[in-house]
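Residue numbers (our numbering), protein chains in the order written: chain A, 1 to 85; chain B, 86 to 484; chain C, 485 to 690.
These are calculated hints, taken from the structure and not from any lab test. No experiment lies behind these values; they were computed from the predicted model shown. Glycine included, C-beta positions come from ideal geometry on N, C-alpha and C. All clues stand as given, with none of them false.
With a Cα cut of at most 27 Å, we get these calculated BS3-like pairs of lysine-lysine:
1) A:LYS10 / C:LYS526
2) B:LYS261 / B:LYS483
3) A:LYS11 / C:LYS582
4) B:LYS88 / B:LYS323
5) A:LYS63 / C:LYS534
On the chain B side, residues computed to face chain C include the following (Cβ under 8 Å):
6) GLU200
7) ALA221
8) THR240
9) LYS278
10) PHE279
11) HIS343
12) GLN345
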Amino acid sequence: MSELKQELKKKIITQLNLEDVAIEDFEDSTPLFGEGVGLDSIDALELIVMMDKDYGIRLTDPKEGRKVFESVDVMAAYIEEHRTK
Amino acid sequence: MTKGVAVTGMGIISAIGADVPGNLAALREGRSGIGPITRLPTHLAGTVQVGGIALSDEDLADLLGHPSEGPHTRTSLLGSVAAEEALRQAGLMSVDRQNLGLITATTVGGMDVTEKYFYEYLTSDEHLASIDTLHAGHTGQMIADHLGIANGFVTTISTACSSASNAIMLGARMIKAGMMDRVLVGGVDCLSKFTLNGFNTLMILSASRNRPFSEDRDGLNLGEAAAYLVLESDASVKARNATPIAYVAGYSNANDAHHQTASSENGDGATAAMLGALRTAGLSPSDIDHINAHGTATPNNDLSEGRAFKRVFGERVPPFTSTKPYTGHTLAAAGAVEAVFSILAMQQQVVFPTLNFTGGMSEFDLRPITKLTDMPLTSVLSNSLGFGGNCSSLILVKA
Amino acid sequence: MTDGHGIRSWCSISQGRVMLNGELLHQASAPDFREVMRSTYKALGIDHAKFHKMDPLSKLAFLTAEVLLGEAKRAGNFSRETALVFANRSSCIDSDRKHQLSLDDPGNEWPSPAVFVYTLPNICLGEISIRHQLYTESCFFIAEEFDPATMNRYADPLLQSGIAEQVLCAWVEKNDDHYTSFAYLLDRADPGTARDAILLKTQKEQ
Numbered sequence: 001m002s003e004l005k006q007e008l009k010k011k012i013i014t015q016l017n018l019e020d021v022a023i024e025d026f027e028d029s030t031p032l033f034g035e036g037v038g039l040d041s042i043d044a045l046e047l048i049v050m051m052d053k054d055y056g057i058r059l060t061d062p063k064e065g066r067k068v069f070e071s072v073d074v075m076a077a078y079i080e081e082h083r084t085k
Numbered sequence: 086m087t088k089g090v091a092v093t094g095m096g097i098i099s100a101i102g103a104d105v106p107g108n109l110a111a112l113r114e115g116r117s118g119i120g121p122i123t124r125l126p127t128h129l130a131g132t133v134q135v136g137g138i139a140l141s142d143e144d145l146a147d148l149l150g151h152p153s154e155g156p157h158t159r160t161s162l163l164g165s166v167a168a169e170e171a172l173r174q175a176g177l178m179s180v181d182r183q184n185l186g187l188i189t190a191t192t193v194g195g196m197d198v199t200e201k202y203f204y205e206y207l208t209s210d211e212h213l214a215s216i217d218t219l220h221a222g223h224t225g226q227m228i229a230d231h232l233g234i235a236n237g238f239v240t241t242i243s244t245a246c247s248s249a250s251n252a253i254m255l256g257a258r259m260i261k262a263g264m265m266d267r268v269l270v271g272g273v274d275c276l277s278k279f280t281l282n283g284f285n286t287l288m289i290l291s292a293s294r295n296r297p298f299s300e301d302r303d304g305l306n307l308g309e310a311a312a313y314l315v316l317e318s319d320a321s322v323k324a325r326n327a328t329p330i331a332y333v334a335g336y337s338n339a340n341d342a343h344h345q346t347a348s349s350e351n352g353d354g355a356t357a358a359m360l361g362a363l364r365t366a367g368l369s370p371s372d373i374d375h376i377n378a379h380g381t382a383t384p385n386n387d388l389s390e391g392r393a394f395k396r397v398f399g400e401r402v403p404p405f406t407s408t409k410p411y412t413g414h415t416l417a418a419a420g421a422v423e424a425v426f427s428i429l430a431m432q433q434q435v436v437f438p439t440l441n442f443t444g445g446m447s448e449f450d451l452r453p454i455t456k457l458t459d460m461p462l463t464s465v466l467s468n469s470l471g472f473g474g475n476c477s478s479l480i481l482v483k484a
Numbered sequence: 485m486t487d488g489h490g491i492r493s494w495c496s497i498s499q500g501r502v503m504l505n506g507e508l509l510h511q512a513s514a515p516d517f518r519e520v521m522r523s524t525y526k527a528l529g530i531d532h533a534k535f536h537k538m539d540p541l542s543k544l545a546f547l548t549a550e551v552l553l554g555e556a557k558r559a560g561n562f563s564r565e566t567a568l569v570f571a572n573r574s575s576c577i578d579s580d581r582k583h584q585l586s587l588d589d590p591g592n593e594w595p596s597p598a599v600f601v602y603t604l605p606n607i608c609l610g611e612i613s614i615r616h617q618l619y620t621e622s623c624f625f626i627a628e629e630f631d632p633a634t635m636n637r638y639a640d641p642l643l644q645s646g647i648a649e650q651v652l653c654a655w656v657e658k659n660d661d662h663y664t665s666f667a668y669l670l671d672r673a674d675p676g677t678a679r680d681a682i683l684l685k686t687q688k689e690q
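Between the sequences and the hints, there should be enough to build the whole structure, so can you do that?
In structure tokens, the structure reads:
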């Protein structure tokens, strides 16, 4: 599970072009949206694409996505439970 | 109140008709043009619906009789068809059109052609000439060539969903400033896999049919269309004894300054644009009889735009409708399509219904008109709110 | 002196050089686009997290606007009633290409929302408006070449009628390896410098 979390952090940084953010800069439990890492609605859509492409999980409701992407911890748990890849 | 700039002709081709009479009949009869994707080989074909025009590119070329030398694209063909109808209606078909201006708008340009041959360009020369067609300016040039515009001012605006409104605004300003006597203004966009896939990845496409201002609205249907107005100076109208069909009385553009694609919570840009249009028209909110809303039926737009209505009109929001359930969201053409529909509403003295309405939004008590309704109409406000925060409002008044 | 409003300031970004009012403001260590964008962002001392997510056209437009509007802010001349009148030849072709390549790739039909968002040339106007809190009029034209006469025909009436206090006119062109931008700020209140000389000179260089 911790390997998945590291993988997720790397993906978040590279795929979302978070230029000035390093893996050590945020915790697994840091909120990804709002005050924490500061992701926005387009980032949420990118993460939805990533879930489908890399883990075979199809999220059809953007609002559902926001709950799943609350933090790396929450994302990893959700992926572990639902992944098809 | 300023009278505004005379409109002496209009032309349109959309999912609900290949000309003005065709569109009017469908509007009156409540006949939507939204349906399955039939023309584009896309994996989205079974999943989303669109406002597609049934005519093939060959059919469109036939309609034009002798289209100018190519390479044409679906976009330039659609544009030429609508522009021709506008000129015909204005009585300018046999007149020397060399100095006519053309301010056109598109976001797709020749994408329908270049996406077909994108990989082919690498291996074969056969369609190489069509690479030029992608350029948004090429579309405008093809339309100008077809209409015989040689020396007039020709330009292309590309500001997303507000493009055609901005073209109308610029044309009106240039006429008022005495820079031109007659100008064709409007826009065109055709359906393409590029746009369909792009909107799909933003998750703003409806799973079925768009239901503007409904509580359970779930997104938009894309559409394709072309629409143009002929704007003319008072001097020109008088000199050739032309009959205006409406006047462009007010217009304004403002930026929402919030997000690349989403609208601000309280519709800041839309509010500023509507207030600006009222200002240029010398009208107050109570002078507006009807609003043709942008009303794309995305959760975000309708809430934002509705709140903007309240900010501008207070407790007396005029009867409003969205005609996008008829045509779909026609992107760069939308501002001109809906200007045509606004003029038709005034000519017919009716408000066209917002189709597919399933029940009002919980955030406010605003409800669109849902049945064809006779109404005395002297002025109509039309909104087009584009990506990039580009918000435009037009006010058209009865001739 | 000329008809219309004079230019308060002007700038350009091209071949690794950022010029302001005819003087060198910043020289990138290499002319390649990414390095120019990165080093200019740093040199201007900007702190705007979303910059790194923008597409190349928006980055170029954003920094070009920053040079003039940043200078205006420092000089106490900035106005939030600044309209934006931009144009280019290639629209947002870099993003169009990137988006197109992600489609039609068999078994890999996952277009990126972040890329698609930038497949409209006017998105950069939104980015600039967000940055400087401008709720003003903005327009984007597609044209064969930089034509200040047309831009001024659009801008002058905005100033004359009081719709805008200032107008930022810009040519921002980015297509693959080729990039260039030239912008100038027209001010209602300030006759500024005779603009024909500046514009004619720059038009030749575009």
